[in-house]
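So the chains spell out like this:
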Amino acid sequence: MWGRVVGLAAARRAAPVWGGVAIAAMVIFGGTGMHAADLTGAALGSAGVATGLFALWMILMAPVGAAMVDPRPTAYLRALPWPRAWRWAVGGAIATAVQGPWTLLWAVGEGASAAVVATAVAAAAMLAVASIPWPAPRRAPRWRGPVRALVGAHGRAVVRRRGTALARGAALAALGGAVAGLVARANALSAAEALVVVLVAASVALPMAIGALAAPVAESDRDLGWVLASTGCSRGARVVAQVVALAGAGAAFGAGLGALMALFGAPSPAILVGAAAAHGAALGALSLRVAVWATLTSAVPPVIDGDRIVIGMLGAAVASVLALAAIGPTGVAVLAVTALALVAPLASRQEAR
Amino acid sequence: MTAPVLVVDGLGVKRGGRRVLDGLSLTAGPGEIVGIVGGNGCGKTTLLAAVAGVLAPDRGGVTIDGASVWGPERERIAARRALGYVPEGADPPGHLTGDELLALVAAVKGAPPLDSEVRTRLDLGALAAARIDRMSLGQRRRACLGAALVGAPRLLVLDEPDNGLDAGGIDALVELLAARAAAGAAALVASHDAHFLDRIKARRLSVARGQAVVQVVDLTRDQTQARDLS
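Taken in order, these protein sequences are the chains called B and A.
If you count by the numbering used here, then the first sequence holds residues 1 to 353, one letter each, in order.
If you count by the numbering used here, then the second sequence holds residues 1001 to 1230, one letter each, in order.
Fair warning: there could be bad hints in the mix.
As the list claims (entries may be wrong) - Covered, in the sense of this in silico footprint (three residues per stretch, anywhere, with C-beta under 8 Å from a C-beta of chain A), are these stretches of chain B:
| no. | stretch |
| --- | --- |
| 1 | 112 to 125 |
| 2 | 248 to 260 |
Said to hold, decoys possible - Residues of chain B placed beyond 10 Å of chain A at every Cβ, according to the derived structure:
| no. | residue |
| --- | --- |
| 3 | Gly52 |
| 4 | Trp143 |
| 5 | Val273 |
These are computed hints drawn from the structure, not numbers from a lab.
A virtual CB, placed ideally from N, CA and C, is assigned to each residue, including glycine.
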């Protein structure tokens, strides 16, 4: 029973990570001709590469570790007379099993012994990282105005409730930037071509990165409902705060993606960073509209349907790529205007009565 | 004659297609504490939520210091900034700390930070850095009472505020309500505890519901003002 509860929770979080890693592996090991041994060899030869690779894997596995150490699903089971050693053994086995892609990388690259060591280290580190308590804030904030206060509250909701989604989004943006950088380096792109590539990379990587933040921001606004209704916060301020929070996160992800691409030697770094940041901001604004749709069409409102957010953001990714293919970078600007046009009516929506 | 702080006029509310309140009226003057009593499910929480601007009525109106809670945008905001509300569940977002909740409410209301004496009386210093989802019910209630008192509101709307509070917390609540009443504020307090309502010197109104009927009875005036609203 213990294994089923913890194992299912871990598997739910691990499945999208495994899927994403599989897609990334196809791009890295298929498109560039790189082999697993090249990557593991680089890690063994350089402490910096090893640290970066391990940190990236820990970021991806952080949600899995968090699900395993979350005491709520096992609260009742822990009251039953289970031997502690049995719980640790089951937890250790699950933590080891979810390292699958990492185990495979080291097994193919360096052999069975290296895979055993790498897996054990990763499993132990994942559980250790997930068990670290977040420090309590030391000073009370002094917010000026409702929008700043709400952005602060939403930001705290993302970091404290879904910090792992934030880390995963950063990892996705980094992956997009690295792939775009590899493409730029391999093809000696011009500035105009690099602009298209960075926008394509942002269109593919950022919707999923930002979409994961839309639910906690919308949930934060929903949970603040009675507080805001009884204190005279306007609907417009609530919508603006959500847009600022999500567009800000999208802009940060986009800027990171563009900067990483530029690090690979792509031309016109400032334009790449600015364009990707602007595109990320537009996708962030659009994600709020998607979250509202996911709430309104949820089978059990006001619970936000996460599957619909994924579908909506996949739609945004497809629309983004199609717009780029049809009319180039102007298509992204059209998408940004469309996003604002879709979000603006939310601010004027009145309370009932 | 002093103008009332709170006027509820012919309030009607439906929840889930069912009429819970029908034509309910009451007033509260400056310095007056009105205790709402009644059985489970009679509509006390619905009444307080509608007064606090959280649950929209389908008929009637609520005004606080002359501003309509459910009127035009400007009046809505003015009315709601003049009130402090603690719901029955005392369940603000769990990811915030006690201090962050107070700062958020102050920022939204455009009010100064909570008075230090009130903070001390409610022992909010101990909750300053604690996350709300890790607080007990009584601690959450104290944090919500602190948030409701930000900006020294003209009307306090408190739904079972004594529920979950320890003896010291109830003493503090009684003192704070008396202090707000002395300052000319009004309060609408729902409670099942007659002793608590005696301590806060509340004029009691009984809300009763039979089928689609709501009766309001003023018990302390020793006269039945039962209104059959069917």
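Evaluated hints:
Counting residues of the stretch 112 to 125 of chain B whose CB lies closer than 8 Å to any CB of chain A gives 0, which falls below the minimum of 3, so the coverage claim is violated. Look at the stretch 248 to 260 of chain B against chain A: 0 of its residues bring a Cβ nearer than 8 Å to a Cβ of that chain, fewer than three, so the hint is violated. Distance check on Gly52(B): its Cβ is at least 31 Å (rounded) from any Cβ of chain A, clearing the 10 Å threshold; non-interface status holds. For Trp143(B), the condition that its CB be more than 10 Å from all CB atoms of chain A is violated, with the nearest at approximately 4 Å.
Consistency note on Val273(B): stated as away from chain A, and its beta-carbon is indeed over 10 Å from all of that chain's, at 31 Å minimum.
Hint compliance for this structure: hints 1, 2, 4 are broken, all remaining hints hold.
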